[in-house]
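Protein chains in written order, with this note's numbering: chain A, 4 to 200; chain B, -1 to 129.
One or more hints might be untrue.
[Said to hold, decoys possible] Below, in silico cross-link-like pairs of lysine to aspartate or glutamate (EDC-like), each with a Cα-Cα straight-line distance of 20 Å or less:
no. : chain 1 : residue 1 : chain 2 : residue 2
1   : A       : 200       : B       : 59
2   : A       : 164       : B       : 120
3   : A       : 16        : A       : 168
4   : B       : 0         : A       : 20
5   : B       : 52        : A       : 20
6   : A       : 162       : B       : 120
7   : A       : 99        : A       : 171
8   : B       : 52        : B       : 120
9   : A       : 162       : A       : 91
10  : B       : 25        : B       : 62
11  : A       : 16        : A       : 119
12  : A       : 16        : A       : 65
13  : A       : 99        : A       : 168
14  : B       : 52        : B       : 62
15  : A       : 164       : A       : 119
I should point out that these hints are in silico values taken from the structure, not numbers from a laboratory. Being a predicted model, the structure only gives us computed values, none of them experimental.
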Amino acid sequence: MTATTAPEVKLGKITHDRPPMLAVGIMIWLGSEVMFFSGLFAALFTIRAHIGVWPPAGTKLDTVQSGIFTILLVASSFTYQMGVFAVENRRRQVAKYWVYASMVLGILFVGNQVYEWINLTTRWYTNSYGSVFFITTGLHGLHVFIGIVAMIFLLGRMKGKTEGDPGELAAFQGVSYYWHFVDVVWIGLYSCLFLLK
Amino acid sequence: MKTEARLLIGLGVFVLIMGIVYGIWSKELSGTVMLIGTGILGIFPGLYYRYWSKRMAGRPEDTDAPVDAGAGFIGSFPGSSIWPFVLGMGCWLMVLALVFGSWLAVIALPTITFALAGATAEGRRGGAASH
């Protein structure tokens, strides 16, 4: 600890005594997101059932490279959760650094996605595998992008050193629920698109 | 919260079991995936309610309480705000951009960003109701 930190009053952990309405709303919305991605997975499996070889011959996927970025995305979930723990313990400044870390990891993931999109020999018009690959990774990438935007807004909301925003913890946790969800969906997508043979 | 949790988890588990039965019977994946997704749709918020039902005392509506037992602090709500309207306008322009051309997105995207920033800043300040 540096000497610059002001002597602070120990206030203890911030907790909610009831589920915040924002969190309940996000949980129900994430339920609808489950259905959204279920539709995409259903399309994926339907197409898969009609193709003899999966992925079709000629598909060149860099499983290792995407695997590394998958690990980065999973890591970002952990960094964000560290931020949640920090904000619960009233260490807002530390929490913001964790959000920055998660954002960087998220941006790296989207960057790899864009790189993959540009360099993949299979295009969305090549075959049905290409179509399903681009629609699923595209919509997932959009979700990651929205998550990063949400983090930017969260950092904007947490600007400054003053505490006392009553909705701050709920907003922070809300983004965390979304971010973990997007993360879990990617693990499923990665398994189905890259690993499943 | 127990009632909500039981209802949602019960429904979710029922659909999940039906999904597995369907999957084994029909050997068709897309319907199975959708049914399993529907199961998760119920279980997911259900588990959240269950998590809370164990961490908080029963609300007045969980017991046979009189109406006035529910009085007092309910939660923090946003005040009256113009930003949802601005956001709606931005989204409307965005959809129009799909129809009439991408130049409309040049107006729509800043409008959406502006509205989201406004709404977020207002959430921090406590909204119009606190003025």
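Here is how each hint holds up against the structure:
| no. | hint | verdict |
| --- | --- | --- |
| 1 | 200/A / 59/B | violated, 52 Å |
| 2 | 164/A / 120/B | holds, 17 Å |
| 3 | 16/A / 168/A | holds, 15 Å |
| 4 | 0/B / 20/A | holds, 16 Å |
| 5 | 52/B / 20/A | holds, 11 Å |
| 6 | 162/A / 120/B | holds, 13 Å |
| 7 | 99/A / 171/A | holds, 12 Å |
| 8 | 52/B / 120/B | violated, 33 Å |
| 9 | 162/A / 91/A | holds, 17 Å |
| 10 | 25/B / 62/B | violated, 48 Å |
| 11 | 16/A / 119/A | violated, 43 Å |
| 12 | 16/A / 65/A | violated, 44 Å |
| 13 | 99/A / 168/A | holds, 15 Å |
| 14 | 52/B / 62/B | holds, 19 Å |
| 15 | 164/A / 119/A | violated, 40 Å |
In this structure, the hints that do not hold are numbers 1, 8, 10, 11, 12, 15, in rising order.
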